[in-house]
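Trainee: Listed below, chain by chain, are the residues.
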Amino acid sequence: MSDTVRMTYREAVKQSIREALDDDPRVFLMGEDVGKYGGCFAVSKGLLEEYGEERIRDTPLSESAFVGAGIGAALGGMRPIVEIMTVNFSLLALDQIVNNAATLCHMSGGQFPVPVVIRMATGAGRQLAAQHSHSLEAWYAHVPGLRVVEPATIDDARGVLRAALACPDPVIVFEPISLYNMDGELTAAASEVRLDGARIHRAGRDVTLVSYGASLWRCVAAAEELAAGGIEAEIVDLRSLRPLDDATILASLRRTKRVVIVDEGWRTGSLAAEIAMRIVEQGFYDLDAPIARVCTEEVPIPYPKHLEEAALPEPKRIVAAVRGLFSDAQ
Amino acid sequence: MNDLPDALTRERGLHLLGEMLRIRQFEDRCAELYGAGHIRGFLHLCDGEEAIAVGVMQVLGSGDAVVSTYREHGHALARGIAMNPLMAELYGKRSGCSGGRGGSMHVFDAATRFYGGNAIVGGGLPLAVGLALAEKLQGTRNLAACFFGEGAVAEGEFHESMNLAALWKLPVLFMCENNLYAMGTALARSESQTDIQAKAAAYGVRAAAVDGMDVFAVEAAVRSAADHARAGRGPVLLEFRTYRLRAHSMFDAQLYRDKAEVEEWRARGPLITLTTRLKAASLMIEDDFQRLQHAADDEVRAAVEFAGNAEWEPVEDLARHVYAEVTS
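Those protein sequence lines, which keep their order, are chains R and V.
If you're matching positions, the first sequence starts at 24 in the working numbering and goes up one per residue.
If you're matching positions, the second sequence starts at 6 in the working numbering and goes up one per residue.
Keep in mind the hints are simulated off the structure, nothing from the lab.
These numbers were taken from a predicted model, which means no experiment stands behind them.
Among these hints, one or two may not hold up.
To give an idea of the chain V side of the interface with chain R (calculated C-beta under 10 angstroms), a few residues [said to hold, decoys possible]:
hint, residue
1, ALA70
2, ALA116
3, TRP173
4, GLU266
5, GLU330
Think of the CB as a built atom: it goes at the ideal place given N, C-alpha and C, for glycine as much as any other residue.
If we strip away everything but chain V, and leave its shape as in the complex, we get (with noise of 0.2 angstroms):
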């Protein structure tokens, strides 16, 4: 755990730490704001699991396809959507990334490549599967990488996915973050079979377990799969490992798990290990925390704001979007 990669500099570590941050302090933000009744609806946190959405991000190319989940914001951060759009579709103003139509459960956005947000569980691994057919058909070598919860893969469309990438040999990176908990469900009251990764071998699909909790064995283990997959031999499963540190959304009294369980998990964090490791390492001193969380915090502040005096969509707008608008 505190080998840190050989060619690892400050510059790098810091970085990655700094992604981490900003999704956290974005986070912890909108929980507040829920709070306050600026943001409804659901709102899941990813406290616990930024690693992966920062490691993930790190191998990803621009021309590559993102299909993710209703707990998405720390991929929408990571992937490059800018915080004033993210804030704002968490508003549910029209200037947001999905023009306010989805909030935090769908975030969209174009530029980027990230189609969603999908919030029914499991229902976004066949769009995955068809973004990675559709970049072979055209002759690409980009890649859909799709995320999910360890939930999903009692969902029959996690086998009919992989199945069917693995059939084709599309270029689909499975990312499945097991935070043991599916809502309330723990894995082992859900499973019969918990160890995830196994699963892949029933279709033939190379597969690994990957600490969740450590950028850089995410960083590598998505690097090597995106290799695989690009060379067109087919779709990797990765199975992360973590923890979500959080409740599952704002309704969740957590009467599922044990306070002593949670903070253990807690001590093994994403951001405290990190900054452990490269204190440890002598690339980072505790000024360099402070000032990555201060530049955070001036983010997320101008994103509040930004998002506070974003203009609502006129409700004569309503029907827009229902169907396409074409402009040809």
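Bound-form chain R, shown alone (with noise of 0.2 angstroms):
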């Protein structure tokens, strides 16, 4: 707690990708407009003119090929970031993802990892409509190959990329678009973020919340107001997508024995599904209530932010979703 710096998430990606480029030669950045402009979001700004045009790489219009030159960059010895705007843009370099990044390693009998990470923003809740808006982290998260990983605090914000770079293995680094602005404490001693664990956010004795990005956000709201009835949630905040830290969860239930998993993907086949799955397969005997899952609504993201409200996993959802495992005879 003593030694601390405000700053919000923005500024702790933009400082992870400054102590990357300082650290190792090797590493660049490229994407859509992270150079001249400063990053769709404003995560590269300033970048371009401390680091120059070699390392701070302005891409076309080319999903595709700049991801796929990022794969191919990282077998031939360098450790490019490389930034894609948002999940959905993603879209148009998923052949090189999929067929690519997850697959060379093995298909080459381990001759050719592939040490890229690929950062993209993710979510809802900037009224961005349907083709900005979308969290297709489980669509990423079914490939082996792949490593996905999720920061929702600052702490990790700062941390994660770090963790990936030294990773040979494909990382991708879903970074909430509804977080950038969010500010908070950076502890000094918070760049050893581990790839694959999963976190305690908070403690309690009643129910487990199992979250990701900025769900994280919204179960600590509707942990609050549980707590004012009486219920203390216990949240866990995934970090880590693939691979998913069973451990973790698993003992948290074990402590409070009912579980509700929050995630803003849309229900039908999602993380939480798979969670839920797991819980069934390793937990089903702790458990003393049903699993309980809150996601986002199926339809894609509409704009108005009344309805994109309605259509996400909000606190007052979630603080239902608990409420309905306590009430009858449980």
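With the hints as a guide, dock the two chains, each given alone in a separate frame, to form the complex.
Mentor: Following this line, the structure appears as structure tokens:
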């Protein structure tokens, strides 16, 4: 608690990029508008002036080519950080990510690991409608060969890149659009972030809320409201979406006996579904109530604010889901 | 066509012919092994296109990177991947050059910087751009050579990659093997502009059409292109005009083309024409051909034996290599 600095999530990401560029000459950043414009969400503002055109590379609007080039450059000995503006745009590069980044190590019998880091914004909350707001993390988390992380806190936003760059595998880093402006305390000693470990964000005895990304903060708001009514929620921040940290989830469940999964993805085929099934497989007898899920409604994210909010797993829906587990005679 | 390079020696001529014969003999045997069930999955043979593989590889250095397609046995052999691990890969054995994980379409080899065997049409082009970028950023004179078929030019990744490589002046050799058919779709049925090398002009990329049946023409064009790329003047597109004499894969009844067309091209096959030219120039005799053929036969026979005797990967290792095995 002693040594803290206040900064935004955006600034934390930027500092991590700066640190990576300083530490390793093989690191460079490329993507659409990362240079002259300063980054679609201003993450890389000023880095072009600081590091020059060779290391901060503006690309054409060619997601497949520049993501593939990042994979190729990684094969060729570099440590590229590729930025894609949003997860929706990353679909134009799915071929490269799924058919190349995720497969080359395996198909080559281990000869060609792909140490590329691909960052992209994700999620709703800024009224950007249905082609800029989706949460498709589950699609990437489905794919063996990829590692998928989503930092939700200032500390993790600051620390995850170092771990991702040190990893020999392709790492997809999701940055929730709605968190870039969030500010908070950066713990000075918080540079060590594991790629595969969840963490307990808030301890509680009555119910476990499993979440990640922007929904972590929806859970925090819900937990405060629940606490006022005497229900203490424990919050698990997954951080890593592939691999999932089953042990941390199950350990929390053993303490609380109830679990609600909060996921900004659509319910059908969601990460929430995967987590629920893992709990059933490994922790069924620890459950005192059915597993509940709060996911995004199954609509393309609408533009008007009230509809966008209604679609998302807002705190009041989380509170209702938790209270549902305590009603009747559980 | 009958003009041989002035300085051509008998040894050089026989070397090139021998390299092409190795590919031909290897793949002819592969077709038999497929019929016998030793090789499974998809098997794509490059019969008719050997001069491109051999011509290109005469120019590349050991530091250069190669990205290939699913029709890559010729590229792999000409690049220097030994026949034993290549055949073992086609068998799916653990001593295959990709550890048996890839098969015919996914040949990889770190020692020769051979980055696959990409079976998504067009999918290898961005990789080559990135490999070239890595060389440029590391200040080497190495280049990335990328093979693809004419079918790939209909893919967005061709255009995106050409643009990016030209924009950043990257040392990429875009090597299009135009065999006139994308699987069963004739070029004119899929492209509004069938003069493929002409597409490069839109990106300010140097380009040329090359007789892909003539190993000397291929080698000369690649040498010039490589000099251009190594000098930092950007990528080059070479369109090698060639023909696939066999079916697309082992499942192809070839309903889309006339037998007469195939026979016409067969007469222009790179092995036949090179043999004829070398004999006409008194650089070889029939005995030389027999000797090269026997040598290739012996090598293939040994490879088949090696692959047949090789071990399967134990099922317990199924999940290996999904993620890198860190040894540090």
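Trainee: Please go over all the hints and tell whether each is borne out by the structure.
Mentor: Hints versus structure:
1. ALA70: Holds, about 7 angstroms.
2. ALA116: Where the cut-off is 10 angstroms and the nearest Cβ of chain R is about 9 angstroms from ALA116(V), the hint holds.
3. TRP173: Since the shortest Cβ distance to chain R is 8 angstroms, the answer is holds.
4. GLU266: violated, 33 angstroms
5. GLU330: Holds, about 6 angstroms.
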